[in-house]
Amino acid sequence: MTISNVSREHTVPTALQTCYVQCDITGGTPPYVALIKYSVDGVAQTDIAMSNTGGDTYQGTLPVQANGARVEYYIQVTDAGLDASATSATYGLFWGTSAISNGSGKIKEVDANGVLKYKNYYARVIGVATVASGTFSASNLDVCLQDAFGGINLFKFSASTTTITLGNSYTVVGALDQYNGKTEIIPDDATTDITDNGAGVMPSPAIKTIAQLLASPEDYEGMLIGIQHVSNTGGGGSWPTSGNSANIEITDDGGTSLLTLRVDSDTDLDDNPEPSWPKDVKGIFTQYDNSSPYDGGYQIMPRSTGDILDDGSLPVSLASFTAIAQDGKVTLKWTTESEIDNVGFEIVRSVAQNSGYQTIATYKNNDDLKGQLNSTNHRNYQYTDNLVVNGVTYWYKLVDVDLNGVKTFHGPVSALPHAGSGKIVNTGTIPHSYALEPNYPNPFNPKTTINFDIPELTNGSTFATFFVYNALGQRVKTLYRDNITPGSYTLEWDGTNESGATLPSGVYYGVFATGSFTKTIKMVLMK
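In short: position in the sequence shown from 1, add 1483, done, that's our numbering.
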């Protein structure tokens, strides 16, 4: 008995889609008992019976899963006489949209030998391009995408005609792979599996010492980073002549910590003389280790001469910048990884994403916004904007100001203040239709996240509610109840009731409603 032509409906389903799996079965004695055996995040699920859809073809449907859920499945068949059986290969994918993370069970996780655990699994990621097409290769697509969790190399052999614009956001569906220790996502078709979402928020380089990078290198692989006070030790190759590449050995602490600076001949670095050290250097943190264990070969790859900066000139590095909407106010929170000559921060605000920003707060009259001047330590900052109107989306940019008065802008981020106690964030994209995704994680404790979409509207806004009900049908929480403008939103629930008391474990129902759309999701609070 043979199982052949195994396929599935979607390469990577969204968090709103089921996905049928089908195959052809021949040999043995029909009728067959065909089952999809599958697991979610390593936990075995109830088998799914496949039915005959005509001829030799059998089909069964995998249910909806949350964003980032890791799904493995295979097909097991026995014939009518129970004297023949067959089992397919095992297939793996990450459902919905996944974070670019190397955490446990995430798409970039590696084992103790640095080997990618989920090689050949398919995934969907959304990230901002930190490398433009043509930067590191004239013949292949070889760029990097980064989200709030990490970075990844987007590679496709011979796809040099695909244009990736620096700073734009992209959605990519592809197979996970590893090349000399470096994690890649490889689309089957660079034309159809890469979507340009338009301008994104360019991440600031993560400013780290070489010692910090090498202490947890997989955390930074694929990310835009910056290293201060870099010198050439002379222990590596010589600065290359035009048309050649080279590996330069660098240090930032007098030779105790060493790293390779890769000069790529596709950039303009080899067309220019070696800089006068020390310098600050920006670039992509990557890896080239041609044998397991993949625990070495880490490099920084500057993208151009513009990534070689005067010593001590790298700006404030942000670890995060978020806006949290509440009833009648918006709280801004940000964390710096390092600060260089940072006098303080200013906050500018607008009701439009791309214009009309005005200063609403400054370090000049608010001590909470004063910087640390020079520091390599993390620091958390917070500012609350109380001069807002519920139902209006506000956009914020964070501005750091150095000793010379030079301003560097971060963001924008947006928030929609509203009646109701749920924390809500607008991601800035405008979807094509209404949608409500399953909450994640689910089951949860203590918090869960809900994503929903509001499409373009003729009158610019609509009234929306998100209520939480217990199993008895009693409303226990109002997460949102106000006007809302088009956008993709993330709403957070912390498992409390209207009084702020923690609810008991159990099943709860989230009901999202507008004038023309209603949907319910089941949420399990488990303590």
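Worth double-checking, as some hints may not be accurate.
Said to hold, decoys possible - Pair by pair, the computed Cβ-Cβ distance ranges are:
| id | residue 1 | residue 2 | range |
| --- | --- | --- | --- |
| 1 | Thr1788 | Ser1620 | 44 to 50 Å |
| 2 | Lys1812 | Ser1587 | 44 to 50 Å |
| 3 | Lys1812 | Ser1725 | 40 to 46 Å |
| 4 | Gly1681 | Gly1564 | 55 to 61 Å |
| 5 | Ser1587 | Ile1913 | 32 to 38 Å |
| 6 | Pro1914 | Thr1739 | 24 to 30 Å |
| 7 | Ala1631 | Asn1869 | 41 to 47 Å |
To be verified - In silico EDC-like links for lysine to aspartate or glutamate, alpha-carbon gap of 20 Å or less:
| id | residue 1 | residue 2 |
| --- | --- | --- |
| 8 | Lys1589 | Asp1749 |
| 9 | Lys1930 | Asp1977 |
| 10 | Lys1602 | Asp1736 |
These aren't lab readings, by the way, just hints derived from the structure by calculation.
Don't be surprised by glycine CBs; every beta carbon is placed ideally from N, CA and C.
Evaluated hints:
At roughly 18 Å, the beta carbons of threonine 1788 and serine 1620 sit outside the given window of 44 to 50 Å. Distance hint check for lysine 1812 and serine 1587: the Cβ-Cβ separation is about 36 Å, which falls outside the suggested range of 44 to 50 Å. A C-beta distance of roughly 57 Å is found between lysine 1812 and serine 1725, which places it outside the suggested range of 40 to 46 Å. Distance hint check: the CB atoms of glycine 1681 and glycine 1564 are about 59 Å apart, consistent with the given range 55 to 61 Å.
Look at serine 1587 against isoleucine 1913: about 34 Å separates their beta carbons, and that is inside 32 to 38 Å. Checked against the given bound of 24 to 30 Å, the beta carbons of proline 1914 and threonine 1739, roughly 51 Å apart, lie outside it. In this structure the supplied range 41 to 47 Å is violated for alanine 1631 paired with asparagine 1869, their Cβ-Cβ distance being about 27 Å. For the suggested pair lysine 1589 and aspartate 1749, the alpha carbons sit about 32 Å apart, so the restraint of at most 20 Å is broken.
For the given pair, lysine 1930 sits about 4 Å from aspartate 1977 by alpha-carbon distance, which is consistent with the 20 Å threshold. Of the pairs offered as hints, the one joining lysine 1602 and aspartate 1736 is violated, with about 36 Å between alpha carbons and a cut-off of 20 Å exceeded.
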